[in-house]
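A.B. asks: Chains as they are written, first to last, in the working numbering: chain B, 1 to 129; chain F, 130 to 269.
Since the hints were derived computationally from the structure, they do not count as laboratory data.
Where is the CB? At the ideal position from N, CA and C, for every residue including glycine.
You may find that some hints are simply not true.
Part of the chain F face toward chain B, derived, beta carbon under 10 Å [claimed, not checked]: (1) Arg-131; (2) Leu-132; (3) Ala-217; (4) Arg-238.
Okay, the calculated beta carbon distance ranges per label pair [unchecked claim]: (5) B:Arg-8 with F:Glu-206: 30 to 36 Å; (6) F:Gly-201 with B:Arg-45: 50 to 56 Å; (7) B:Val-9 with F:Glu-184: 29 to 35 Å.
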Amino acid sequence: MTESLKVRVDRRDGLALVITEGYINNQGGEQIAQAANGLIEEGYRILLLNLAGSKIVNSIGISILIEVLERMLELQGKLAFCNLTPTIKKTFHIMGLTQYAQVYPDEPAALAELLAPASPPPGATNSGS
Amino acid sequence: MRLLHQKDLVLPMLPDKELEAGEEASELAAEASMDADRVDELRLAVQEAFINASEHSGASDGRVYVNLALLGGERPELVQVTVRDTGAGFPEPVLRGTMRNEEGRPRKRGWGLTLIRRLVDEVEIESGTHGTVVVMRKKI
Chain B
1 MTESLKVRVD RRDGLALVIT EGYINNQGGE QIAQAANGLI EEGYRILLLN
51 LAGSKIVNSI GISILIEVLE RMLELQGKLA FCNLTPTIKK TFHIMGLTQY
101 AQVYPDEPAA LAELLAPASP PPGATNSGS
Chain F
130 MRLLHQKDLV LPMLPDKELE AGEEASELAA EASMDADRVD ELRLAVQEAF
180 INASEHSGAS DGRVYVNLAL LGGERPELVQ VTVRDTGAGF PEPVLRGTMR
230 NEEGRPRKRG WGLTLIRRLV DEVEIESGTH GTVVVMRKKI
């Protein structure tokens, strides 16, 4: 029984979406890493992984996602996730991903926050008038 | 508590066979009316135990032995999954399941037993030169 992962990339203005379907094991993790590394080379610094189509993972696959996360953090980028099952979310928490990566309930919520203009620093005033 | 139902599986140490073990365990748990999220947790724990056996045991017979058992009284109360191999035992770092590697940095690999301990209610591990047995129990 082998379920190969399907990875689809959707390039948006300001971020890239990586949409997965299937089992995230070592091979699946490598496929995601390959897609993510390609997007990083293209200049994307915000990646959103939509795991709606991936209900089953294993620790090796997630370990590879940690490597992608480390690379994004080194580049001052962001790696975010959405549509996680409760078990995958719990696994991410146990393995420490949620300390450094944002997790959103769904794609609209993730896009709304990730693409929102940066809020002004505390104390800043609107000097446009 | 008595044994209400059990099933034995002997699976080869081949890629993705852990899915078969996980699926069988989750079917048993779901039939016993375990909550769906807990079923998913059990499935992942069984997959991880199977992967550990495949990756670390070095068993010459190339097989993983899985026993699925439903325990209870009038009604099912507990699912118990035993994953056994006939290898040389897990290396100490795998058994320890520490969160940091030798350099003291957060560990990337070797999360299997840590996850298992967090995903099920009880775990017993016996590992020695004749193999490893991981017994996982999750309440319905």
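A.B. asks: Evaluate each hint against the coordinates.
C.D. replies: Each hint tested on the structure:
1. Arg-131: violated, 29 Å
2. Leu-132: violated, 27 Å
3. Ala-217: violated, 21 Å
4. Arg-238: Result: holds, 5 Å to nearest chain B Cβ.
5. B:Arg-8 with F:Glu-206: 30 to 36 Å: Violated - the Cβ-Cβ distance for Arg-8 of chain B and Glu-206 of chain F, about 43 Å, lies outside 30 to 36 Å.
6. F:Gly-201 with B:Arg-45: 50 to 56 Å: Given range 50 to 56 Å: holds, Cβ gap about 53 Å.
7. B:Val-9 with F:Glu-184: 29 to 35 Å: holds, 30 Å
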